[in-house]
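Please assemble the complex out of the two chains, which come individually in their own frames, going by the hints.
Going down the list, the sequences are from chains H and P. Residues in the first sequence are numbered from 1 upward in steps of one, following this note's numbering. Residues in the second sequence are numbered from 1001 upward in steps of one, following this note's numbering.
Among the clues, some could well be false.
Stated by the list, open to error - Every beta carbon over 12 angstroms from chain H, so not counted as near; a handful from chain P, in silico:
id : residue
1  : A1009
2  : E1048
3  : L1087
4  : V1145
5  : G1157
Stated by the list, open to error - In silico EDC-like pairs for lysine to aspartate or glutamate, Cα to Cα no more than 16 angstroms straight-line:
id : chain 1 : residue 1 : chain 2 : residue 2
6  : P       : K1173     : H       : E7
7  : P       : K1160     : P       : E1142
8  : P       : K1160     : H       : E7
What the hints assert, rightly or not - FRET-style restraints, in silico, Cβ to Cβ:
id : chain 1 : residue 1 : chain 2 : residue 2 : range
9  : P       : S1172     : H       : L40       : 51 to 59 angstroms
10 : H       : L40       : P       : D1012     : 26 to 34 angstroms
11 : H       : V106      : P       : A1156     : 53 to 61 angstroms
12 : H       : A95       : P       : Q1143     : 29 to 37 angstroms
Calculated from the structure, these hints are not laboratory results. Quick reminder that beta carbons are idealized off the backbone N, C-alpha and C, glycines included.
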Amino acid sequence: MNPDDIERLLASDVTLTPSPTFLASVMRAVKRERTALPPLAFPWKRAFPGILALATGLIGGGISVAGDTAIMRMLDEQLTQVAIMVIAAHLHWVALALVVTAVSLVTANTISSSEPDWLGNGAS
Amino acid sequence: MSMGGEDEATVDRVLEGDTAAFAVIVSKWQGPLVNLAYRFCRDHARAEDMAQEAFLRAFKRLGSWRRHAAFSTWLFALATNVYRDALRRVAPDTLTVEDEMATTGSAEEIALDADRRELVHRAVKSLPPKYREPLVLFYFHEQNVAATAASLGLPAGTVKARLSRGRDLLASKLRNRL
Chain H
1 MNPDDIERLL ASDVTLTPSP TFLASVMRAV KRERTALPPL AFPWKRAFPG
51 ILALATGLIG GGISVAGDTA IMRMLDEQLT QVAIMVIAAH LHWVALALVV
101 TAVSLVTANT ISSSEPDWLG NGAS
Chain P
1001 MSMGGEDEAT VDRVLEGDTA AFAVIVSKWQ GPLVNLAYRF CRDHARAEDM
1051 AQEAFLRAFK RLGSWRRHAA FSTWLFALAT NVYRDALRRV APDTLTVEDE
1101 MATTGSAEEI ALDADRRELV HRAVKSLPPK YREPLVLFYF HEQNVAATAA
1151 SLGLPAGTVK ARLSRGRDLL ASKLRNRL
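So here's chain P without its partners, still in its complex pose (with noise of 0.2 angstroms):
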């Protein structure tokens, strides 16, 4: 059976009143789900609080999966709205790269390259989220455009767009940073 059918057996035992069957699903895409809201929040305790509501709506609304898009595409798009809407509750992000720095220390004490990158994503966070999300997921997916779109249900050409102008404010923002 390949691995679309998997998914669909499995959400069909769940339909059909098997709630234990979630736990299939629940365990094969536990650390796609976690990964990707880590990304969004960066925050370990968060990221799972955040992935366990995006499994329960998955849960509530599977009725409505349409079976001619992949299993993934429809939960990822999900649980991409769930991260959307879980961050807008909450206030942004207002630390600047600049107040980073000036908190974590200077440029020549910040050489490991897990500081680098803990940077880039606060750099990252602090975008606007029309270019936030199609760079998290843009990376999330191995950088697949079609894949980011499909997430984000929005055209590869507009995605395409937004990437690019993500970069250069990301690039603006970090431009003789470390």
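If we strip away everything but chain H, and leave its shape as in the complex, we get (with noise of 0.2 angstroms):
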């Protein structure tokens, strides 16, 4: 077959006419997809006084904790004890290899399911 019969056959496709039950079948999907209920939003106005509290006692806390020279010191201590715990027992390896596969499932998940951004504002 040579480029010119390519050619020709590629520009003479076959035309299909869409079955006479293909406009009722699509409306009847999109009076579904609109008579579905709307998925449930994180309710972000009820949860805001509790996410402000939380954040203020955290920070407040943590500033009260780094004042007391006695409190660091014994969190010192006690980090200092896990620190030579985790080497003891290679946990940081472990550790290690936790966050290597994090961060390869996350940037594979990432990619697949990622869409090409040229069609614009959620045209894709």
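Below is the structure:
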């Protein structure tokens, strides 16, 4: 088959006529979509006071702990003990492996779920 | 009222809550969208399923149509993306042209134009997506590079280069056939 034949065959493709039920079928699907309940949105307005109180508490607690030398010294000792245990049990390698796994999973998921941006606002 | 104006007025009605007005859009564009889907999948029933999915997505995202582009450009770009996703969800067609020749018969037996066309389209379907999509859209858009580029969201130069490479690949697959 020569290039001219290929060109001619590609340019003269068959033309289909949609089946008579196609329009009705699409409109049924559209109406179903229209009547479907929208997904529940996270209640940000109701949660806001709680989130604000939590953030204030955490920040306030952090500041008060940081200002108390005795508590900071005790915290430092405990962290040092934990660090010694982690190194002795080679847990740092386990943690590193978990981080690498998590990063690769998130990256793969992001790449596979992303849609090209070229269609503009959601035309994809 | 111009064709674009008709589309715009219909879209406005749908966006204002007149769901039934969407039937005007489906009625007008069902032929092109089903045919475009068919050129991707070569299966009539599946083409209608894919076109329905495209219309449904268009309905959901109608508000995102930027009016400075033609409605058809937006719709074809959206449909192309839906079809690309639909084809990605199923196993690729691994049948080679050589396999097809073996199952269909010898070159001498396949004399009809329809068979030759089918063979060409199977060869197109077996191309990598980056060459297959421009080829399918180029002939669907009556060999208009600008429309093909708009549907794919690629520069015209890139489309031309991919068309050229796609044709070379096709020619090498179909050389000495039929």
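Against the structure, the hints:
Under the 12 angstroms C-beta cut-off, the non-interface status given to A1009(P) relative to chain H holds; the minimum distance is some 18 angstroms. Its closest Cβ contact with chain H, about 6 angstroms, brings E1048(P) to no more than 12 angstroms, contrary to its assignment away from the interface. No Cβ of chain H comes within 12 angstroms of the Cβ of L1087(P); the nearest lies about 15 angstroms off, and the non-interface call holds. Taking the minimum C-beta to C-beta distance to chain H, about 14 angstroms, the non-interface status of V1145(P) holds against the 12 angstroms cut.
Interface exclusion of G1157(P) from chain H stands, the closest Cβ pair being 15 angstroms apart, more than 12 angstroms. The straight-line distance between the Cα atoms of K1173(P) and E7(H) is roughly 14 angstroms, inside the 16 angstroms bound, and the hint therefore holds. The hinted pair formed by K1160(P) and E1142(P) meets the criterion: a straight-line CA distance of about 14 angstroms does not exceed 16 angstroms. With a C-alpha separation of about 15 angstroms, the suggested pair K1160(P) and E7(H) falls inside the 16 angstroms cut-off, and the hint holds.
Checked against the hint of 51 to 59 angstroms, the C-beta distance between S1172(P) and L40(H) comes to roughly 55 angstroms, which is consistent with it. The supplied range of 26 to 34 angstroms is met by L40(H) and D1012(P), whose beta-carbon atoms lie about 30 angstroms from each other. A hinted range of 53 to 61 angstroms for the beta carbons of V106(H) and A1156(P) is inconsistent with their spacing of about 36 angstroms. The hinted range of 29 to 37 angstroms is not satisfied by A95(H) and Q1143(P), whose Cβ atoms lie roughly 58 angstroms apart.
Of the numbered hints listed earlier, those contradicted by the structure are 2, 11, 12.
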